[in-house]
Structures are given as structure tokens and as C-alpha cells.
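There are 2 protein chains.
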Amino acid sequence: MQTYTVHRKAGRQSVLLEKNVALISVATVAGPKEGAGPLSQFFDRCCTDIFCQEESFEKAELQMLEEACYLALGKAGLSPEDMDYYIGGDLLNQIITSNFCARSLALPYLGIFGACSTLSQGLALGAMLIQGGFARYILVGTSSHNCTAERQYRYPTEYGFQRPAYAQWTVTGAGAVVLGPAGEGRGPAIEAITVGKVVDAGLKDPLALGTAMAPAAADTIYHHFQDLKRQPNDYQLILSGDLGGVGKKLNEDLLAAKGFDIAPLYGDCGVLMYYPHQKVNSGGSGCACIALAFLGYFYPKMLTQELRKVLLVATGALHSPTSYMQQESIPAIAHALALEI
Amino acid sequence: MQTYTVHRKAGRQSVLLEKNVALISVATVAGPKEGAGPLSQFFDRCCTDIFCQEESFEKAELQMLEEACYLALGKAGLSPEDMDYYIGGDLLNQIITSNFCARSLALPYLGIFGACSTLSQGLALGAMLIQGGFARYILVGTSSHNCTAERQYRYPTEYGFQRPAYAQWTVTGAGAVVLGPAGEGRGPAIEAITVGKVVDAGLKDPLALGTAMAPAAADTIYHHFQDLKRQPNDYQLILSGDLGGVGKKLNEDLLAAKGFDIAPLYGDCGVLMYYPHQKVNSGGSGCACIALAFLGYFYPKMLTQELRKVLLVATGALHSPTSYMQQESIPAIAHALALEI
Numbered sequence: 607m608q609t610y611t612v613h614r615k616a617g618r619q620s621v622l623l624e625k626n627v628a629l630i631s632v633a634t635v636a637g638p639k640e641g642a643g644p645l646s647q648f649f650d651r652c653c654t655d656i657f658c659q660e661e662s663f664e665k666a667e668l669q670m671l672e673e674a675c676y677l678a679l680g681k682a683g684l685s686p687e688d689m690d691y692y693i694g695g696d697l698l699n700q701i702i703t704s705n706f707c708a709r710s711l712a713l714p715y716l717g718i719f720g721a722c723s724t725l726s727q728g729l730a731l732g733a734m735l736i737q738g739g740f741a742r743y744i745l746v747g748t749s750s751h752n753c754t755a756e757r758q759y760r761y762p763t764e765y766g767f768q769r770p771a772y773a774q775w776t777v778t779g780a781g782a783v784v785l786g787p788a789g790e791g792r793g794p795a796i797e798a799i800t801v802g803k804v805v806d807a808g809l810k811d812p813l814a815l816g817t818a819m820a821p822a823a824a825d826t827i828y829h830h831f832q833d834l835k836r837q838p839n840d841y842q843l844i845l846s847g848d849l850g851g852v853g854k855k856l857n858e859d860l861l862a863a864k865g866f867d868i869a870p871l872y873g874d875c876g877v878l879m880y881y882p883h884q885k886v887n888s889g890g891s892g893c894a895c896i897a898l899a900f901l902g903y904f905y906p907k908m909l910t911q912e913l914r915k916v917l918l919v920a921t922g923a924l925h926s927p928t929s930y931m932q933q934e935s936i937p938a939i940a941h942a943l944a945l946e947i
Numbered sequence: 607m608q609t610y611t612v613h614r615k616a617g618r619q620s621v622l623l624e625k626n627v628a629l630i631s632v633a634t635v636a637g638p639k640e641g642a643g644p645l646s647q648f649f650d651r652c653c654t655d656i657f658c659q660e661e662s663f664e665k666a667e668l669q670m671l672e673e674a675c676y677l678a679l680g681k682a683g684l685s686p687e688d689m690d691y692y693i694g695g696d697l698l699n700q701i702i703t704s705n706f707c708a709r710s711l712a713l714p715y716l717g718i719f720g721a722c723s724t725l726s727q728g729l730a731l732g733a734m735l736i737q738g739g740f741a742r743y744i745l746v747g748t749s750s751h752n753c754t755a756e757r758q759y760r761y762p763t764e765y766g767f768q769r770p771a772y773a774q775w776t777v778t779g780a781g782a783v784v785l786g787p788a789g790e791g792r793g794p795a796i797e798a799i800t801v802g803k804v805v806d807a808g809l810k811d812p813l814a815l816g817t818a819m820a821p822a823a824a825d826t827i828y829h830h831f832q833d834l835k836r837q838p839n840d841y842q843l844i845l846s847g848d849l850g851g852v853g854k855k856l857n858e859d860l861l862a863a864k865g866f867d868i869a870p871l872y873g874d875c876g877v878l879m880y881y882p883h884q885k886v887n888s889g890g891s892g893c894a895c896i897a898l899a900f901l902g903y904f905y906p907k908m909l910t911q912e913l914r915k916v917l918l919v920a921t922g923a924l925h926s927p928t929s930y931m932q933q934e935s936i937p938a939i940a941h942a943l944a945l946e947i
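Taken in sequence, the protein lines are chains A and B. First residue of the first sequence? That's 607 in the working numbering, and the numbers climb one at a time after it. First residue of the second sequence? That's 607 in the working numbering, and the numbers climb one at a time after it.
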């Protein structure tokens, strides 16, 4: 039997890259509520209309995703033809927004589903494909829309459903990244990847997603540290996707119980997305939450080297409305990327 | 700027592998109708009950997928702990079957959505990750269930909806593959991959999926030949996933119009899955269609070298019930894998 060497595995769940794949350009398109939030000035575009002048919320979401993709390409001075693959996913059934976006891009397409963990799953896959020599440039995109997601997962927003204090608000927006060869002035490189396992804490409330996802975030961050023999202080910032206020605290507590104090350098995009007076309760959620906050606000801080080492941990709740109605618990996942410039 | 070499790209959409990643073991679990069909004796297990003694169709589908995964692992003499990743997807909203299967496997998980193209998308990604040095073994699984898919995409089967002559029958079953290092007696290697683009012929009838997917199959096969300067005769068999009788003929015609006569060596798993008296009209469909037919029937023929070169082309219709109701057309995709032993 032929022997075979695995070069890049570190521990059980992590791989180390050679720092030659970078996020060479990024773009963000935000919805009206996000455009009225504290990060407003950092987005490339803010829609003033939740419909984006389209006929349906679904078409609005697609318009935002397509615009983010073309903006990211434009900033890199590249066209769709320069991309080897489009990797995308979103929250909607059959990831329909991504499928239609892939149709207009006309690129070889790898559709993924990781719910709100899509951004880091897509970047992880893209980085491995480039590092493996299968591509030079890959476009990664994701989106969510409050009104498409709420009516699919919970109730149509027109019902005016009362949300509990621990509920989160699905972010409306889209983000896209061009992954390509790293180099001087080419953006932060992806230096390590920890692909998450499904963690199911047995919770069943589809309004308490931060609580359901926090154990998955803690598990992935813990294994990232273990696999790579790292400590929280190896990063300047640990950024989770959309745990919100409730889930963020739980993630801190779970990691503290395992001996890792991340609190001093830990932020959550769901907490950062809105002002308190915007009444989103526990914070933002959705694929676009980490896409808007990281790509809009933190990525430029990496370009200026204000931040040099960031651990990006997008988290996803992988339940479906059917599994919820069948009284199943909520499976969750988180994927971590170490970024360095 | 640092230069970067793409080693493995061939043409626009294809990559060449070094033939050191093989399908080292496979397993299939079929439903009752499939177990009464012509391929019956080639499946590892046939359920006699559409519920598999579970409480719901969804749980039945999950049971079949989990069993296929554990059977494939057992045949390879490996356990979940030996796998670096689980890559899976299915037809259900939020790929819930795969998510729950990943929960029981407790492996780093990459969820994908490619509808009925899932098997070849998963094998393509898995092969690239192993070839790239990011994994040694990867488990790839997929499933579909007639009753979970029909009620989600069309009508609950209990309604007794009348199906037109061109409609297909969603296959009930699951298949799993252990990808790992190639070698003597280790199964067929993945030698080339062509990742498909979304092709949308403007069709809107969700019962005519073979017709909607055939242009995507023809596009991918055409680019496979162009990229790699190959001809149909370079293979002993070209096998599509689930175009059914109507779509198979259309695919042949589309390729003939581009100068490639595949008809003499072309088979479609949807056509092979059932007897005419089983009244499935245009044939089988669903993620499990190519999984059962290829992994159950053709894979053993590759092990005995009766077949040495096969082009495997799983096709997927990427629409959603929402996009259909919003009068959108059906985006389709196909991914091709060249297998060689």
C-alpha cells in the first residue's frame, strides 16, 4: 500500500497554512436597520429600503449579495472570469440566494450550507483549495435578510410577533471576499483553520440561538487552542459571529471553565451590530452579521495593522423549521480561522 | 507581489489529480421501492418499511444515512475517529439529515448543498482536500427519501397527486464513501474533476427536472472534454445522476449538437433504478439515485476492472419551493469526476 503524508494537519481538527492565501479584497452591502446602527459608516453601501426596490424580500437579498460580489471583484481589479470558483451559502431553503448569485456570476460553483457559519466555512474551503493548488482566485459570498429568514424560520415579520429578551435579530446584508495570493499590501492571510464539529446541547428553542450556538463556539475555540498549542493572548482579537449578548457570555464562561480566559480580547459581531435603542434584544444574527461586522469594520483595521492577529469564529445553528416542529434539538457548529497580517 | 503557481488547473473548470485519492470503500442503503427494482441485489441493505421503523420519514432518512456511513467505515476497517472530515448534504431544508448525521459521527463537518449533485460535489471537495494535504481520510455521505422530498418540494405523498409522464420519482436511500489514499486493491482513484457552473435554461416546471438539468449536464461534460482535450471514447462509461429518460435523451442531443456522441457509452442512474412496471414515469431522481446506482452497481465493476474508466456526472436542480412559487426559473448544476482503476 502506498503511503501518504498529510502535511498540514495539526491535532484533531486544525490545519496550518503557509500564509500565502489572503483576503485580498472585501465588500459589504447593509440593510436599512444596519445602516442606522453604529457600524453604518464602514459599509460600502447601505440600502435605505428593505426591498431594495425589488418585488420581494428574496430578490432584495439576491441584489445585495450580487452587489457585494461585484464590489469585491471591482476593488481587487478583477472580473468574474478571473475567479476559479464561487463558494457561497445563505440561510434560505436550498441556499437559493447563492444559487441565483452563482447563476449571474457564471463561475464554477460550490454551494455550502453552514447557516451563520457560512463565511468562515467558505473562507476555510477556499483557502484550502488555493493552498492545495486547485485555484488562484476564489470568490466567497454570503447573505441574510431579516424578512426572508424570519418568515422561513419563525413568523412573517408582518405578524408583529413578540420577541423574548434573549431573541436575536437577523441581520439584513451581504458580504463578499476575494481570496487570492498573499503578498505585500494584499490583506490578511489565513494562517490556520479549525473546522468545527456539530455540537448539540439539547436545546430546542429556535429563538434562543445564541445559547444553542455558544457550546459549539467554545468547543471549536478550545480545540483550536489545543491543536495548535495556543493561548487567547496569541491573538489581539477573538471575534465570534452572532452569539449575541446571551451567547457571548455563555461562550466566555464555557471557555473559562476549561482554563481559557478570552473575555479581555473577545468581541461578538451580534453585540456590535446595533444600538440599544434599536431594540434587537440580544443582538444580531444571520450569515450577514459577521460578514458586515468583520469585513466592514475589522478588516480595514487589519489592513492598517491596528490589528495583526485575529481569530474569526463564525457560528451556525443548523436546525430546520421541520426539525423544530418535530421536537428535535438544535445542532450547532462553529469554524475558526486565524488571520494574520 | 508574490507569484503563485496553480498546479492542477486544466482549462477553465477542470483540475487534474495525481491519482492518489481513491474511493476505498462504499456502502448503500435502499428503500423498499428501490429494493424491489432491478438493482436490488447490489445494495448493502434494503429497508422493507418506508419508515424504517422510525416515527417520521425524516428520521427514516437519517437512519439510512447513518447506517450507510457506518457500513462504509466498517468495510474500510476504519472508525469515525480515523476520518478527518465528514462532507455531506441532502435535499432537505437546511440539509438537516446531514447535520444530524454529522452530530452522531462527531467529526469536523463541512455541509454542502448541491441537491442531487451532492455526491460528486462532496467527492470532488474531499479529493481536493486530501490531495492538498489537509486530510488523510474523508467520509462523504448523501441521502434522499421520497416522502420527505415530495412533501417539501411538491405535495405530501398522501395526497395521491397525479404525476405527468415526464415526472421523476425521488429515490429513497443513502450512500457513503470513504475517500483515502489510493493503492493496490484500494478502489478507483479520482483522476480529474470538472466543477460545474449554474446553467438555467429558463424552465419553470418543478416536475420536469430532467429537462431542467440536462443543459447543465451537457455543459459540464462539454467543458470536461474541452478542458482536458478528451473524447467520449476516453471512457468506458459516462454515467449521469438522475436525468431520467427525458433528460438523458436531451443531454445526448445537446452534446451531439456540439460534436460529441456519447450515446453508445452513456447511462443514467435514474433510468436504471426501477422496472417499467414500477410506474415511476421518466425514472428516478434525488441525491440517493446516483449514490445507490453508482456505489451499489458500478463501483464493484470497477473493483473487478470490468470497468476501468468512468465519468461520473451527478446533476442537481437548485430551485426552492419559494423560488418556484415566485415564478423563478430552475437553476441547475452538474459536477463531473473522472474515475480510473
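I should point out that these hints are in silico values taken from the structure, not numbers from a laboratory. Accuracy of the hints is not assured; some may be wrong.
Note that identical chains are pooled: a pair holds if it fits in a single copy or bridges any two copies.
Cut-off 27 Å, straight-line C-alpha distance, at most; resulting in silico cross-link-like pairs (DSS-like, lysine-lysine) [what the hints assert, rightly or not]:
hint, residue 1, residue 2
1, Lys615, Lys625
2, Lys625, Lys907
3, Lys681, Lys665
4, Lys810, Lys835
5, Lys639, Lys665
6, Lys615, Lys855
7, Lys681, Lys907
8, Lys665, Lys625
9, Lys810, Lys615
Keep in mind it's a predicted model, so treat the numbers as computed, not measured.
Up to 27 Å between alpha-carbons, please classify Lys615 paired with Lys625: within, between, both or neither. both (15 Å within a copy, 21 Å between copies)
Are the CA atoms of Lys810 and Lys615 at most 27 Å apart within a copy, between copies, both, or neither? neither (34 Å within a copy, 45 Å between copies)
Intra- versus inter-copy proximity for Lys907 and Lys681 (alpha-carbon distance at most 27 Å): For Lys681 and Lys907, only the intra-copy Cα distance (17 Å) is at most 27 Å; the inter-copy one is 51 Å.
Could you figure out if Lys681 and Lys665 sit no more than 27 Å apart (CA to CA) within one copy, between two copies, both or neither? Within. Shortest intra-copy distance 24 Å satisfies the 27 Å Cα cut-off; inter-copy 47 Å does not.
Homo-oligomer pair classification [Lys855, Lys615; C-alpha up to 27 Å]: neither (31 Å within a copy, 45 Å between copies)
Please sort Lys665 with Lys625 into within, between, both or neither, judging by C-alpha distance up to 27 Å. Neither: 37 Å inside a copy, 43 Å across copies.
Status of Lys835 relative to Lys810 across identical chains (alpha carbons, at most 27 Å): Classified as neither; 34 Å inside a copy, 53 Å across copies.
Within, between, both or neither: Lys625, Lys907 at alpha-carbon 27 Å: So Lys625 and Lys907 pass the 27 Å test inside one copy only (19 Å; across, 43 Å).
Reference check for the pair Lys639 and Lys665, CA-CA at most 27 Å: within, between, both, or neither? Answer is within; shortest intra-copy Cα gap is 18 Å, inter-copy 39 Å.
Checked against the numbered hints listed earlier, the structure breaks hints 4, 6, 8 and 9; every other hint is satisfied.
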